[in-house]
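> One-letter residues, chain by chain:
There are 2 protein chains.
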Amino acid sequence: MTNKKQLENLASLIRYYILLSTTKAGSGHPTSSLSATDLMVTLMFAGFFRFDLDKPGHPNNDRLIFSKGHASPLFYSLYAAAGKVSQREMLSLRKFGSRLEGHPTLAFSYTEAATGSLGQGLSIGVGMALNAKYIDKSLYRTFVLLGDSEMSEGSQWEAIQIAAHYKLNNLIGILDVNRLGQRGETMYGHDIDAYAKRISAFGWETILVKGGHSYPEITSAYEKALASKGKPVMIIAKTIKGKGVSFLEDKDGWHGKALAEEELKEALEELGEIDFSVRGEIAKPQKVLISKQELKSKTEGIKYPKDQPVATRKAYGNALVRIFPKFPDMVVLDAEVSNSTFSQNFKKAYPERFFEMFIAEQNMTGVALGFSRRGRIPFASTFAAFWTRAFDQIRMSQYSEANIKFVGSHAGVSIGEDGPSQMGLEDIAMFRTILGSVVLYPCDAVSTEKLVEEAAKHKGIVYLRTTRKDTPILYESRDEFSIGGSKILRKNQNDAVTLVAAGITVFEALKAYEELQKEGIWVRVIDLYSIKPPDIAALKKAAKDTKTIITVEDHFAEGGLGEAVASALSESNTPVYMLAVRKIPKSGKPEELLDYEEISKTAIVKRIKEILS
Amino acid sequence: MTNKKQLENLASLIRYYILLSTTKAGSGHPTSSLSATDLMVTLMFAGFFRFDLDKPGHPNNDRLIFSKGHASPLFYSLYAAAGKVSQREMLSLRKFGSRLEGHPTLAFSYTEAATGSLGQGLSIGVGMALNAKYIDKSLYRTFVLLGDSEMSEGSQWEAIQIAAHYKLNNLIGILDVNRLGQRGETMYGHDIDAYAKRISAFGWETILVKGGHSYPEITSAYEKALASKGKPVMIIAKTIKGKGVSFLEDKDGWHGKALAEEELKEALEELGEIDFSVRGEIAKPQKVLISKQELKSKTEGIKYPKDQPVATRKAYGNALVRIFPKFPDMVVLDAEVSNSTFSQNFKKAYPERFFEMFIAEQNMTGVALGFSRRGRIPFASTFAAFWTRAFDQIRMSQYSEANIKFVGSHAGVSIGEDGPSQMGLEDIAMFRTILGSVVLYPCDAVSTEKLVEEAAKHKGIVYLRTTRKDTPILYESRDEFSIGGSKILRKNQNDAVTLVAAGITVFEALKAYEELQKEGIWVRVIDLYSIKPPDIAALKKAAKDTKTIITVEDHFAEGGLGEAVASALSESNTPVYMLAVRKIPKSGKPEELLDYEEISKTAIVKRIKEILS
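If you read the protein sequences in the order shown, they are chains B and F. With my numbering applied, the first sequence covers 1 to 613. With my numbering applied, the second sequence covers 1001 to 1613.
Hint data in this document are derived by calculation from the structure and do not stem from the laboratory. Careful, some of the hints might be misleading.
To be verified - Calculated pairs, DSS-like style, for lysine-lysine (alpha carbon to alpha carbon, straight line, at most 27 Å):
#1 B:589 / F:1257
#2 F:1197 / B:231
#3 F:1257 / F:1469
Excised from the complex, chain B in its bound form:
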């Protein structure tokens, strides 16, 4: 174990790196780093944190998440003090190509998850702690460094309540109460009791550290924290922003600002002599092996009688149960609507792999990311509309190479009577923005089953959109579906126009085909179940053959199927006509609403006749 003097030397070295690297970068957050330095030095080098630096992937390594990602100079400096980042590399902070980015990203191999959008780290930590306690049965602990400003994000309280609900005594938050936010004082300033009162009300153990720069106090707090039984623990430490440099300490106006060269000189003088040879040692993780769990297979094939319509959301539930034995890393999360999304099927079959997340979509996404980072394959479901709640977490997860399967049910106006608040009409646009994401929207139970399996196989972010009402079975169990694929449902050498649909509108397209065909108008019909990536070859072929494309979707016009197709064909000369939801929807029967929004058979027939006239 490192003694107090060594800890002090390590802290001085780290403060030196923090100040030097940010000044060299010309930007960054030195003061937010300095406030948490002593908390982190003690955690890492006084024997509490257990981690094999040479094996970042060791399953029993403790996890450390900097939820206050702007303290990245401290984060990187800790590993410099541990001998894993050179001083030279420290000076590459924030420079193009450096793995030391402005906020932690996976470019740096010790980053557990990219942070920087505040109020997200604790949820990710909950996911990792759930994995340790309930799946891996590993002894690793998850530590999350939190800023006081970010405690105003509601997502924190979602994470706090769920951590208590699941009795995560392997989760330890460290709240750095340095009083100052970006533009001034936080809501509670230095009142650490205010935080303790709120957090303990939610069922956490709270440990107050009045001297957030005193090693004995901090050490004693960690000792207590590690002994907690049955409760997550929050260490709440009163610290000083800019600690260690007199003209920065507790001063407003120094957030996110690097020191000028002259100021740096003065600051470094205050730090005194630095022992550049000091290196912190980190305790090693437990060697206990994680026991592989035996899984009972409950597999059945895909069987949907052609004459019995089934909602794709039900097929999703069935698919989860069916594929689990093939993908034993699966976990399933739901935001208190498992009886609507049909993830309840999985819950019944494999209760130990289902986690109820209650109505808190932001935290659910963070938890999914935590699971994903620990090698699981999370499927998370709620109503399509409510995924908008978690857009920031979804956005951030792309920077952590997330392998998450998002599933949104109750898509579009076709849900009917519940009205606009429950209708997912921007979900495709939202998930399409994510780099490298896959967006799938099957129309029948068979293609849903197949695509759920494709989603599980695919490494990365997948969004699957399901439909509330029963839809006819269109496909055979032997049909194949792939990411980036499509199905041509109707084709004729005389096709005058190509109709591209997905999900519920596939059936409207087929009805329109029937009607038009009676009048001698031939229409190619494509089921573009993979909206991203789209089947560009099939679209280009159709564009070439029929000269005109018309899209029809149960989604707002912007960013949806129509724009995906227009975008895929934008460099060619093919006109693309788009039918989409363009009026504030109402309550009503699905058919009435499809008509009202002009995305029904009738609207398609009308539009095609207009185009061809």
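Given the coordinates of chain B, assemble chain F onto it according to the supplied hints.
Chain F in isolation, oriented as in the chain B frame:
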């Protein structure tokens, strides 16, 4: 004042309407309505709620928001019991064209704000209460009916903390703890103390009602609540889901389910004889007039010297101060980054109209909606990236005819060193999905000033995107900018291609123009500062003149400027080539990142040469 017997008769009539209307609709949430019936009957008809039913717009009317919007059958029934909805209309519930939609919308004139996505009503209430206390200085109170399930949404705790911060003793929450969520028991079941502990820890007065169906208990709770000094109040009532119908009471599996005809018959028998003639009276609002505040004008003109680059975010701050005297209904909100978004300029000039919302974007959006519903013009700002946090609230605000100006600073990779977590790269796509929204992205200080004013004039949802770094002054103070407009910056009869840019990329486009022109390649350059609605006429003219369009944007490819242009021109035969952010961004200098993402001058020149070759 209505006596107990009358209240009971009113409650019976309301229960009758709830059951009948949902069965006739074939769907809806009768049990969630029945649990809150006695709480609401007492509020409205025992003299607590003050509202002139013939003047819903009366400024001193109390406000009532059903945050648990699925209890809409109760909501409408209250007004039926007050004589404002006929039994015949009650039977139109959830039918196409009825103003009684599945969840409350503005189609019904007593709806304060559309709800149905849980965990949003309290924030809207905070906005209304802030307006009453700090702006109107009106005595109206704001009541919010909350469900227990929705308390797991983090946004609730954002609203709770901010209401305490602003000492909103004119805000009264009524928490209907009926134990059961959609798919089973909530996290805390019937433990009303669990809620009290958490809510009071945040600085609210909490009043427990153990018998949520007892009129004396409920009455006494309201009496206490109205007497609160300096604190918001939460009435926490233990209720029974399905109360009044024995086979529904406290039973799982009855969420969101209407009774079958046979069950209805049985249920109505249990209700006993209904007095169809009973009508509830609602107390009238105070007649006190709201005093108009005197505003000191601090107006200055728009003056930006041509040789001094200014960031558009700074121009935004300047514009707020400049236009306020013309738009005295303005209020300005910011999520703790006012020194970055430059809303701090307004804060300094008009502190009484600036509300610090701390880092809680969801609540900020709800508060903005509350202000908007009370006739204010809220401007709300944060980093563009962090607006994704509030997508669900933004989405819902469109159903409340919101007049909100959203402003996102630090857009795109051009922010540089802070890295991807801070880069708004999906904000345009997000705001474009909102029906009827306006999306503006000015490139210089002058156009920003003009467009902020246009935004204030426009009734509806406007998103304004600003840039972190200083950009040259391109325009003259006399230039005009309009929603749906554009500026042709370079034009020649030999133009071989049209280059469409907005914001930061306008300058890359101009640099590309210079370089290409030297080689004899003429390019039309359009500043498409109004991305939605786009200037279709200018785009079509350019398409006709130059045959080819190329777009360049500091935003992900999906749903942004490129797709907006492709979409506007999709029915024509013009190829549109899109340059956009297509790789995970890094930290680095703005110029390095523009190059890396291939949206810089160099990339534009290269692409145009490829296209023309």
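> Could you grab the alpha-carbon distance between residue 1197 (chain F) and residue 231 (chain B) and see if it respects the 27 Å cut-off?
17 Å, holds
> Is residue 1257 (chain F) close enough to residue 1469 (chain F), meaning Cα to Cα at most 27 Å?
54 Å, violated
> Hey, residue 589 (chain B) versus residue 1257 (chain F), does the alpha-carbon distance stay inside 27 Å?
Distance ~16 Å between residue 589 (chain B) and residue 1257 (chain F) Cα, so the pair holds.
The structure fails to meet hint 3 from the earlier list, while all remaining hints are met.
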